[in-house]
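Below are the chains, spelled out letter by letter.
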Amino acid sequence: MNDAQTWIAAFLTLCVFSFLYRDNPFYRFAEHLFVGAAAGYLLATQYQNVILPNVIGPLMAPKIQASGIVLTLIPAMLGILLLLRVFPRLTAPARWALAFYVGVYSGIAVTGYMQAQVIAQIADSVKPFEGGWHAVNSILILIGLLTVLAYFFFSAPHTGLHGLSARVGIWFLMVAFGASFGYTVMARVSLLISRVQFLLRDFLHWIPGVVS
Amino acid sequence: MPEALNTDWFDPTRANVLVGILLFLTFLLINILRARRAGTLYIRPLPGLTALDEAIGRATEMGKPILYMPGLGDMSEVGTLASITIMGRVARKVADLGSSMQVPCYDPVVMTIMDGVARQAYRESGRPDDFPPGSVHYVSAQQFAYVAAVTGIMIRERPAANIYMGSFYAESLFLAETGNLTGAIQIAGCDKVTQLPFFVCACDYTLLGEELFAASAYIGREPVQLATIAAQDWAKATAAILIVAALLLLAMGRPELGHFLQTS
Amino acid sequence: MSWAQRLLSVDRRIIFVLIGLGTAIPLLMPVNLPITVTPRVEAAYQTIDTLPEGSRVLISMDYEPDTMAELNPMAIAIMRHCFRKKLKVIGMTLYPAGPGLVEPAMKAAAAAEGKTRNVDYVFLGYKSGFQTVMIGMGESIRQQYPVDFYKTPLDSIPVMRGVNSYAGIDLVVNLTASSAADYWIQFAASRFKKKLVLGATAVMATDYYPYLSSRQLLGLIGGMKGAAEYEKRMDLFGDARRGMDAQSLVHVIVSLLVILGNVALFASRRSGGDGTPARPLGGPR
Amino acid sequence: MYLGPVLVTFAVGAALIVLFFVPHHQAQAVNAEILEWATIVYAFALILGSISLWNTHARKVRHRIEGWPYSLVTMITLVAVTGLGVVFGTAEGTAVYAIYQSVNSPLASTMFALLAFFIASAAFRAFRARNLEATLLLVTAVLMMIGRVSIGEFIWPGFPAFTEWLLDVPNLAAKRAIAIGVGLGAVSTGLKIILGIERSYLGRSN
Numbered sequence: 001m002n003d004a005q006t007w008i009a010a011f012l013t014l015c016v017f018s019f020l021y022r023d024n025p026f027y028r029f030a031e032h033l034f035v036g037a038a039a040g041y042l043l044a045t046q047y048q049n050v051i052l053p054n055v056i057g058p059l060m061a062p063k064i065q066a067s068g069i070v071l072t073l074i075p076a077m078l079g080i081l082l083l084l085r086v087f088p089r090l091t092a093p094a095r096w097a098l099a100f101y102v103g104v105y106s107g108i109a110v111t112g113y114m115q116a117q118v119i120a121q122i123a124d125s126v127k128p129f130e131g132g133w134h135a136v137n138s139i140l141i142l143i144g145l146l147t148v149l150a151y152f153f154f155s156a157p158h159t160g161l162h163g164l165s166a167r168v169g170i171w172f173l174m175v176a177f178g179a180s181f182g183y184t185v186m187a188r189v190s191l192l193i194s195r196v197q198f199l200l201r202d203f204l205h206w207i208p209g210v211v212s
Numbered sequence: 001m002p003e004a005l006n007t008d009w010f011d012p013t014r015a016n017v018l019v020g021i022l023l024f025l026t027f028l029l030i031n032i033l034r035a036r037r038a039g040t041l042y043i044r045p046l047p048g049l050t051a052l053d054e055a056i057g058r059a060t061e062m063g064k065p066i067l068y069m070p071g072l073g074d075m076s077e078v079g080t081l082a083s084i085t086i087m088g089r090v091a092r093k094v095a096d097l098g099s100s101m102q103v104p105c106y107d108p109v110v111m112t113i114m115d116g117v118a119r120q121a122y123r124e125s126g127r128p129d130d131f132p133p134g135s136v137h138y139v140s141a142q143q144f145a146y147v148a149a150v151t152g153i154m155i156r157e158r159p160a161a162n163i164y165m166g167s168f169y170a171e172s173l174f175l176a177e178t179g180n181l182t183g184a185i186q187i188a189g190c191d192k193v194t195q196l197p198f199f200v201c202a203c204d205y206t207l208l209g210e211e212l213f214a215a216s217a218y219i220g221r222e223p224v225q226l227a228t229i230a231a232q233d234w235a236k237a238t239a240a241i242l243i244v245a246a247l248l249l250l251a252m253g254r255p256e257l258g259h260f261l262q263t264s
Numbered sequence: 001m002s003w004a005q006r007l008l009s010v011d012r013r014i015i016f017v018l019i020g021l022g023t024a025i026p027l028l029m030p031v032n033l034p035i036t037v038t039p040r041v042e043a044a045y046q047t048i049d050t051l052p053e054g055s056r057v058l059i060s061m062d063y064e065p066d067t068m069a070e071l072n073p074m075a076i077a078i079m080r081h082c083f084r085k086k087l088k089v090i091g092m093t094l095y096p097a098g099p100g101l102v103e104p105a106m107k108a109a110a111a112a113e114g115k116t117r118n119v120d121y122v123f124l125g126y127k128s129g130f131q132t133v134m135i136g137m138g139e140s141i142r143q144q145y146p147v148d149f150y151k152t153p154l155d156s157i158p159v160m161r162g163v164n165s166y167a168g169i170d171l172v173v174n175l176t177a178s179s180a181a182d183y184w185i186q187f188a189a190s191r192f193k194k195k196l197v198l199g200a201t202a203v204m205a206t207d208y209y210p211y212l213s214s215r216q217l218l219g220l221i222g223g224m225k226g227a228a229e230y231e232k233r234m235d236l237f238g239d240a241r242r243g244m245d246a247q248s249l250v251h252v253i254v255s256l257l258v259i260l261g262n263v264a265l266f267a268s269r270r271s272g273g274d275g276t277p278a279r280p281l282g283g284p285r
Numbered sequence: 001m002y003l004g005p006v007l008v009t010f011a012v013g014a015a016l017i018v019l020f021f022v023p024h025h026q027a028q029a030v031n032a033e034i035l036e037w038a039t040i041v042y043a044f045a046l047i048l049g050s051i052s053l054w055n056t057h058a059r060k061v062r063h064r065i066e067g068w069p070y071s072l073v074t075m076i077t078l079v080a081v082t083g084l085g086v087v088f089g090t091a092e093g094t095a096v097y098a099i100y101q102s103v104n105s106p107l108a109s110t111m112f113a114l115l116a117f118f119i120a121s122a123a124f125r126a127f128r129a130r131n132l133e134a135t136l137l138l139v140t141a142v143l144m145m146i147g148r149v150s151i152g153e154f155i156w157p158g159f160p161a162f163t164e165w166l167l168d169v170p171n172l173a174a175k176r177a178i179a180i181g182v183g184l185g186a187v188s189t190g191l192k193i194i195l196g197i198e199r200s201y202l203g204r205s206n
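Protein chains in written order, with our numbering: chain A, 1 to 212; chain B, 1 to 264; chain C, 1 to 285; chain D, 1 to 206.
Just chain A, with the same shape it has in the complex (with noise of 0.2 Å):
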């Protein structure tokens, strides 16, 4: 990045830190050009990845096929069904595209989530108990994957020995949420970290560049 563009990048990060101390005519400019600047980026680069070599180029390639043609006009066709939404008159024709979108990402959902997500994880917690320490380990996993389980049911009511369980499940829930916590702290730090770096070094140059 050159100096130009160090400069500005440093103003709007600048802009933004100064949110923390209320919202103010700076960070709202660095908001709105944020909407419009990733707004065009992501238009720009559809357009480039997907319009461009998928819906433009196989219909201009030299030698094309009926098929290739169908092939291509059938998703463009979907996707100005649904551009004809922008007349309010218009608005039905769109149900066919979005009927057809959301049944592909159903059909996904259904076997990839069963798959990884649901057998996968059943899976998973069918192994071998090993013996001693682990032993007491692998038997407080059941019991807390049991127990949470038993919080997370619907048709019965949390009563007596379901109550009890459910109730132990929200102890586990509790511990993972806190560790889940605990654990982003970094996460989130270090972002601030590269930041501050940034600021530190490439536009004050108080500290020394990236050392290898």
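Think of the hints as simulated: they come from the structure by calculation, not from any bench. No experiment lies behind these values; they were computed from the predicted model shown. Cβ coordinates follow ideal geometry from the N, Cα and C atoms, glycine included. Mixed in with the good hints there might be a few duds.
With a cut-off of at most 20 Å between alpha-carbon atoms, the simulated DMTMM-like pairs for lysine to aspartate or glutamate come out as follows [claimed, not checked]:
hint: 1; chain 1: B; residue 1: K64; chain 2: D; residue 2: E66
hint: 2; chain 1: C; residue 1: K86; chain 2: C; residue 2: E53
hint: 3; chain 1: B; residue 1: K93; chain 2: B; residue 2: E124
hint: 4; chain 1: C; residue 1: K193; chain 2: B; residue 2: D11
hint: 5; chain 1: C; residue 1: K115; chain 2: C; residue 2: D49
hint: 6; chain 1: C; residue 1: K232; chain 2: C; residue 2: E113
hint: 7; chain 1: B; residue 1: K64; chain 2: B; residue 2: E54
hint: 8; chain 1: C; residue 1: K194; chain 2: C; residue 2: E139
hint: 9; chain 1: C; residue 1: K193; chain 2: C; residue 2: E139
hint: 10; chain 1: C; residue 1: K86; chain 2: C; residue 2: D235
hint: 11; chain 1: C; residue 1: K107; chain 2: D; residue 2: E92
hint: 12; chain 1: C; residue 1: K85; chain 2: C; residue 2: E42
hint: 13; chain 1: A; residue 1: K127; chain 2: D; residue 2: D168
hint: 14; chain 1: C; residue 1: K195; chain 2: C; residue 2: E139
hint: 15; chain 1: C; residue 1: K232; chain 2: C; residue 2: E42
hint: 16; chain 1: D; residue 1: K60; chain 2: B; residue 2: E157
hint: 17; chain 1: C; residue 1: K195; chain 2: C; residue 2: E53
hint: 18; chain 1: C; residue 1: K194; chain 2: B; residue 2: D11
hint: 19; chain 1: C; residue 1: K86; chain 2: C; residue 2: D49
hint: 20; chain 1: A; residue 1: K127; chain 2: B; residue 2: E256
hint: 21; chain 1: C; residue 1: K193; chain 2: C; residue 2: D170
hint: 22; chain 1: B; residue 1: K64; chain 2: B; residue 2: D53
hint: 23; chain 1: B; residue 1: K93; chain 2: B; residue 2: D53
hint: 24; chain 1: C; residue 1: K107; chain 2: A; residue 2: D202
hint: 25; chain 1: C; residue 1: K232; chain 2: D; residue 2: E153
hint: 26; chain 1: C; residue 1: K151; chain 2: D; residue 2: E92
hint: 27; chain 1: C; residue 1: K193; chain 2: B; residue 2: D8
Here chain B is said to cover these stretches of chain D; the calculated rule only asks that three of the stretch's residues, wherever they fall, bring their Cβ under 8 Å from a Cβ of chain B [as the list claims (entries may be wrong)]:
hint: 28; stretch: 15-22
hint: 29; stretch: 50-63
hint: 30; stretch: 113-121
hint: 31; stretch: 168-179
hint: 32; stretch: 187-194
Based on the hints, put chains B, C and D in the right spot on chain A.
Same frame as chain A, now just chains B, C and D:
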């Protein structure tokens, strides 16, 4: 030598996934019949949903808008599908009470769907032309450009209720903490486990993981929808029994059930 | 108003100032505290280290600027490791904003190890579609990426010769902050049976422990600490290790704040008033 | 009744479920083609979305609603970046690439960095030992924070191993149960839509 072209019609290693789906379908059909015959099924109350109704009521009393955020998932995130159903109910209540709602969207397809759902809610509430056209609007498909715009709305328009339903990622804390700053009542429902701690800390009520899916079915109170929750429960019970059974069999030296479950 | 009440309702901007100082001071005066390499990062290191020379490693860098801090140092350390082991690196990204970060990172790693584009590594660039690209690459890489990021056809790139799909790839490394990891596990590991190493942000890494124990992942590098451990294992002194000192200070500040908050809560409770309205913690009941 | 679209969703959804089990290369080619179509539809939807974004801000400018100059900034940037990107592309050396490096990238990473401040204020406010559950939450979080950094190791050498245990046992158990639950919820929601039980996405909030 090009890769040998695969020509067989069934992948045996995926038999367990097929059994899982077929089993779930049977649970679903059985429970739909049960629900139809009995008129309804018992589903324990979801406190999150009562909190949602209270939040909408309070916002209406204060005459301030409601902010509904459908999450940063596109249609491939099933949490987004659940959010669409919940938003339909919220829009219907907002239309009936005559209060106002804003739905900033991350994904353009979700925006298109939600716009249709909101218009339908106003039509069913008998007030089709009171639907404010720009209320469901696309903001950005870039995570933090979306956050910048939505937190701007929170601070400047001060909605009385912030509702987060769907798949959220790292931005959950940014939105919920800013919402907390403005003093709005906040209800969240999210299927992304990593974000639940933040919603639990910053919101007044949080639907945890699959409670989001149960809420989307529970909301209509339709017997068929309740049947899907019951089917989910039966499948969960089966999963628990399967694990315990497989472990017991394993302890008795018969690992077949365990091997059948292995996906890869 | 007792000190406890005043503390409990302190202006959050004072906390912000503390966090800001906690980050900047260690960067200006580095302390370089010790780092131990945890088993999960060692597993990732060994998975790459044991690959024979000339093996092809597909590195999908699916992240955007907002998570660059944790994942860029990881990307650079892993790529430098591949180059040192004379492995062929195929870089790609499933995020529109990816190329802007991944391309400079690949150049930096290649320059540091004296490697040249197209001969030792290739950058395929961005293709939208997430799962569709992953599944599509099982069928044919060229259908998803007809040309590389620089618009060169794949057939004229030495690294890509003979590589038509996952069959030609020996290891997949996914660096991401998003659900791309789930899909790489679903498709690359489960469906196409490829060896997979994951580099994730700290918050996500805890969710992938189950996939590590089920061998769907062969190694897991979590957050900046994971990156610092990898840098230490490669005896590099990159941004990750420099940041770890600031991490220590800020973690201590946040922990002390939480402890202080509770001390004030008990103090104010004993003197009658309850510091904050008891409201359900959003959890059940 | 939207029978047509509901049948399309059923046909496409069922086809993709079946194709999951058929490794035949032609079947997988059909699968890949359908997924490719979805990415094309998304590209068109993004155009529709950008028009909606434009209308939102144009309305503010037209009616001189408070803060309309900022909306002008968004509109100008949207047109400029889209135009430059479509005409000159987004690869290195183009104007959009330079804009990305000096505007999009720093704004995104700095916004994300604000979370470090918010996580501290959220922890300070929310981690109050009001009941057993809240106490479990805050004690685990503090132990995790201290155990993950070099100072934790300094206080008690066993700290990192303890935080690993927290992640490997209680956290793993709860996360696995949630994953199974969410997975089944996702399968249930997906099937509801394919079977037409759930049709609200078609604008029928039944």
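Cross-check of the supplied hints:
no. : hint              : verdict
1   : K64/B <-> E66/D   : holds (17 Å)
2   : K86/C <-> E53/C   : holds (6 Å)
3   : K93/B <-> E124/B  : holds (11 Å)
4   : K193/C <-> D11/B  : holds (13 Å)
5   : K115/C <-> D49/C  : holds (18 Å)
6   : K232/C <-> E113/C : holds (17 Å)
7   : K64/B <-> E54/B   : holds (14 Å)
8   : K194/C <-> E139/C : holds (14 Å)
9   : K193/C <-> E139/C : holds (14 Å)
10  : K86/C <-> D235/C  : holds (18 Å)
11  : K107/C <-> E92/D  : holds (12 Å)
12  : K85/C <-> E42/C   : holds (16 Å)
13  : K127/A <-> D168/D : holds (14 Å)
14  : K195/C <-> E139/C : holds (17 Å)
15  : K232/C <-> E42/C  : holds (11 Å)
16  : K60/D <-> E157/B  : holds (14 Å)
17  : K195/C <-> E53/C  : holds (16 Å)
18  : K194/C <-> D11/B  : holds (17 Å)
19  : K86/C <-> D49/C   : holds (10 Å)
20  : K127/A <-> E256/B : holds (12 Å)
21  : K193/C <-> D170/C : holds (11 Å)
22  : K64/B <-> D53/B   : holds (15 Å)
23  : K93/B <-> D53/B   : holds (8 Å)
24  : K107/C <-> D202/A : holds (19 Å)
25  : K232/C <-> E153/D : holds (17 Å)
26  : K151/C <-> E92/D  : holds (12 Å)
27  : K193/C <-> D8/B   : holds (18 Å)
28  : 15-22             : holds (count 4)
29  : 50-63             : holds (count 6)
30  : 113-121           : holds (count 5)
31  : 168-179           : holds (count 3)
32  : 187-194           : holds (count 7)
In the structure shown, no violation is registered for any of the earlier numbered hints.
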